[in-house]
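K.L.:
Could you build the full structure based on these sequences and the hints that come with them?
Protein chains: 2
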Amino acid sequence: MAEYNVIFYPQALSVRVQEGTILLDACAKCNITINNLCGGDGICGRCKMIVKSGKVKGEGTSQLNREEIKAGYVLACQVTVQSDLVVDIPWGTWAKEKLIANEDAQRFSYLSKGSSYAKNYEIKPIVLKLYMELEKPTLANVTSDLQLVCDKVREVLKIPSMQTGLKIIKNISKILRKYDYKVTVTLGLRRQIAEIMNLEGGDTVDKNYMIIVDMGTSTVVAHLVNANNTETMDGKACFNSQGVYGREVTGRIIRAEKVGTDELQRLLVEDINKLIEGLCSNNNINLQDITAVVCAGNTVMTHFLLGLSAEHIRRTPYTPVSLIPPPLRAVEVGIGINPRGLLYALPCISGWVGSDLTAGILATEMHKHDKLCLLVDIGTNGEIILGNKDWLIASSASAGPALEGASVECGVRAESGAIEKVYVEDGEIKFKTIHDKPAIGICGSGIIDIVSVLLDQKIINRSGKFIQGSHEGIFTRNGISHFILVDSKNDRTKKSIYFSEKDLENVIVAKAAIFAAIRILLKRLELSYSEINKIYLGGAFGNYIDIDSAINIGLIPPLPKEKIEFVGNTAIKGAKLTASYQEAFHEIADIHTNTTYYDLMGADDYVEEFRKAMFLPHTDINFWREE
Amino acid sequence: MAEYNVIFYPQALSVRVQEGTILLDACAKCNITINNLCGGDGICGRCKMIVKSGKVKGEGTSQLNREEIKAGYVLACQVTVQSDLVVDIPWGTWAKEKLIANEDAQRFSYLSKGSSYAKNYEIKPIVLKLYMELEKPTLANVTSDLQLVCDKVREVLKIPSMQTGLKIIKNISKILRKYDYKVTVTLGLRRQIAEIMNLEGGDTVDKNYMIIVDMGTSTVVAHLVNANNTETMDGKACFNSQGVYGREVTGRIIRAEKVGTDELQRLLVEDINKLIEGLCSNNNINLQDITAVVCAGNTVMTHFLLGLSAEHIRRTPYTPVSLIPPPLRAVEVGIGINPRGLLYALPCISGWVGSDLTAGILATEMHKHDKLCLLVDIGTNGEIILGNKDWLIASSASAGPALEGASVECGVRAESGAIEKVYVEDGEIKFKTIHDKPAIGICGSGIIDIVSVLLDQKIINRSGKFIQGSHEGIFTRNGISHFILVDSKNDRTKKSIYFSEKDLENVIVAKAAIFAAIRILLKRLELSYSEINKIYLGGAFGNYIDIDSAINIGLIPPLPKEKIEFVGNTAIKGAKLTASYQEAFHEIADIHTNTTYYDLMGADDYVEEFRKAMFLPHTDINFWREE
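Order-wise, the sequence lines are chains B and E.
Start counting at 1 in the first sequence, then tack on 11, and there's your number in the numbering used here.
Start counting at 1 in the second sequence, then tack on 11, and there's your number in the numbering used here.
Source of the hints: derived by calculation from the structure; they are not laboratory data.
It cannot be assumed that every hint is accurate.
Any copy will do: because identical chains look the same in the list, a pair fits if it lies in one copy or spans two.
Claimed, not checked - Calculated cross-link-like contacts (lysine-lysine; reagent style DSBU-like; alpha-carbon spacing at most 30 Å):
hint : residue 1 : residue 2
1    : Lys178    : Lys269
2    : Lys178    : Lys285
3    : Lys400    : Lys169
4    : Lys285    : Lys181
5    : Lys269    : Lys193
6    : Lys163    : Lys185
7    : Lys185    : Lys40
8    : Lys269    : Lys189
9    : Lys181    : Lys269
10   : Lys40     : Lys181
11   : Lys163    : Lys400
P.N.:
See below:
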């Protein structure tokens, strides 16, 4: 098959691809991040590019108007390369380069330095270094070099079972004698097994660092932790490069079936590697001294990390390949730390409830609470955990991406210039953008705010319809009502930003999905919401939500504010605990085992509950109180 | 450094080597087996070769006479290559080709077909195949593909802990669906852990074979075992190709320090591979269906198998790298079976008491006996185990190679034409050779016999001196008395074979070393030999010894014959048990743990006991009875 050269401007990057390659895939190969949302389904219309020379082939699309088509505009996800190409990527399409975008992503790294997670556990990290001065063997003390080391480890750690690989064994004799039996052994600990991962001469105990990763669908966050004292030293984040293959995991699974899981794995691993390299160079740490990487994330990200096919997760009965992946060598997936360093992906609960939630349970300690707790992670999928020390039940509601800024016409992810807050001041509807930059769109927290404000201001009604004439900001286009926040007519340098009745519908669908899921779990257990002692709002997104707005639109039950807690990035917190304390390492496995997954697709009354929740805040204003 | 070409005739094999390479090493690289005994120390004089053209460099040697030197004879172990060479290897030097020699080795394979080792154990081989028809996942039964398989294994085997590698996990989903959830899982079992080694579609349970190897210093024996019923199907043996680097392990360790442990490993692994290939092709079995190789052998062979340096085993305090090597993939050392197939080297007791003895204890069941048992393995090192169900003590006596036919002038290993039996019939001293071929020398069992016969016939006295005039077969050369068995003067087609006072001295040293070791162990435990309920004579060699001769010269205590048992190749027997039964797998680890090694170098009275034993059968004819 013929191969062609494609050059992208203004980046001036080129790539050689086979005839028939989708233009967006060619772009991805150049590592150019596109601001698209739908993952190549031709729906979002955000991958517009201009073909300056050469031939492409593709279907018609309603996302481009006549003028654009005449000017050479194409949707990169809908056309294939048929000759050498020169392609212009307009500003709006690539928007920000990965580098700039990653600075925005930093707000997800939620860095709280210091070892704040010590609890009552004894520090015993997943990878432990022990310095030992061994007694030299004598005729009276018959032992092997390996035994000498193992016996000392057993004595110190009280661990009965030891494992070692041939490579370690091959070098043990030389190292012992060269360093006069004064050596540092690196141990991978899990349950009753200690694996000798490395043996070095002298005392290198102080050089033992871990990387904790939250593999978010949109944002990848990495923290650097000193394994010896559990102290968080630094944090970094970037937008998940898999974004080029779709904003949602479902889109990425579909693309992985075409381009191969390896490609999705490569993008994620490269992101993690870049974060690790950045953390190391910022803190003058050698990559060799990173002995473990502990990752939390949804089940699909976990699959991609390990190069496992996620195809069956998107099809009923949503079967993952593995929920409890074994600890591996990081090098097995291409993560560049110490060659013998460990990679541990935390256990997931089901195909749609990932290890970010297992970590969340661990971090909130709801698995130790006497009273009823609810953990809600709001995203494209709303994940819900209900329970206490005796039982835990998990569910996942397919909310759609509205609450994350997608499927909302002016929705953007949480980046510089995104409207993150909408409020009323002096009777006027105002907003605040991230970094106070000129507004480029509305992100998740802003979307929840705007719905709440429009409802309070009686600009929309409880059924999600605009009340015509209620506000001068309302206008109608193509028969659909819109509320304008920024009007380019007033200031030509600005971009028009509005919120439509169609957007509102998507938001209501999202909140109804989550709301109905909470209701179903409570019903199954014959509990009422008032019995909930604590609501934890988790996930990277949770921290930025306004609680009043969320309650006002019916996203979360109307509990007193002191019972609602933002818990920040519990994926990172939980993963950090697991990495630092053997007790937590055991607990998270128990959490996996003891959490029952309840699939809403199997619930007869889910549709009814969902329908009832399609109002603001819900069917009956006193709904919660009816119970 | 310059490189030269060396051609060996009559094999017509050539090799390119660096200037200064020892000629014997060049020969080894061509895989030509030399009949040498001393391993390159220039002592045995059996690596004579004729340099037809080219230059070599070397020291003078007393092993070559003037005529030989004039004719171009060299000792291959004592000269280095200094130019391109053409070398003739005389018949007597290479004697038999490897192929023919290996036929001789077959007598060591002691094949007893059938599953004679069943005992009361339940058959559960080290690598087990399970065919499973799994229930397909449903919405109500949330599980991962991996969990589905693991749960079934746990259910069937009652094993709590499972391990799997990423490669298996990556393929599990495809295989389950392609084969409609009907699959065969291959499991590596050890203690409370089952490792998924492979997953195949359909039922392949009947294709599960194991190879059991006895890595003898001189002979490598391999048996083919059906893992499903423990049946021994076939056996093969060859002489250990490491022989080119020395007959004794000490010589090989020294050479390994020069040529590298890898080279020693390569030779042993190639031998094992050839045996496996032969067994597979003879029995129409695919190499892929060999799932495990279980090896027993002395500690040095175990080190060479794994590529571990044995250098510290030959120096006080004789520290091995590892006595309990972890189970590995066979491919890690280059053994060509199923790529995921297991290699398990049985646990050794000390640097000088190997896993052939641990296997021997298991096979004889002396670790379960109420009464006192003694296991003696006669070889270059005499290994001795004393004990019962409550305690086991092990020791190793450096006997020297006399009892194996080396350090005896006309000594040969047990090959066709070796004198294996010497006896008196009608007042005449007669002998029998292996395969009744013309006599080429005397092997171990023959050597013990001849000493016993010479003693009985009063041709030698109890101090090991020849009684001049006692027999017409006595002649003197260079001031040393000899007894002639075959005289070439009588028949020019025959080779002269004799036994000298010097040879006798070496034999007495060997028997004294073993005898003194037994004495010391009994003394330490304040036991007398009469309390021994059973003597097991083990090792490949043991089977061919005449008990009366052995008692007569004082090699073993004079117990009633029914208390002395030849146990054959207990290394193979024990390894087979370990491979076939999990109980035995656990027991052999316990035997390792519970056996105390007593080092004779640390015994003040060893020299005295040794000196006392330098008589036939010992200092006092009533020695044993004195106790």
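K.L.:
Which of the numbered hints are not met once you compare them with the structure shown?
P.N.:
The structure conflicts with no hint, since it agrees with every one listed earlier.
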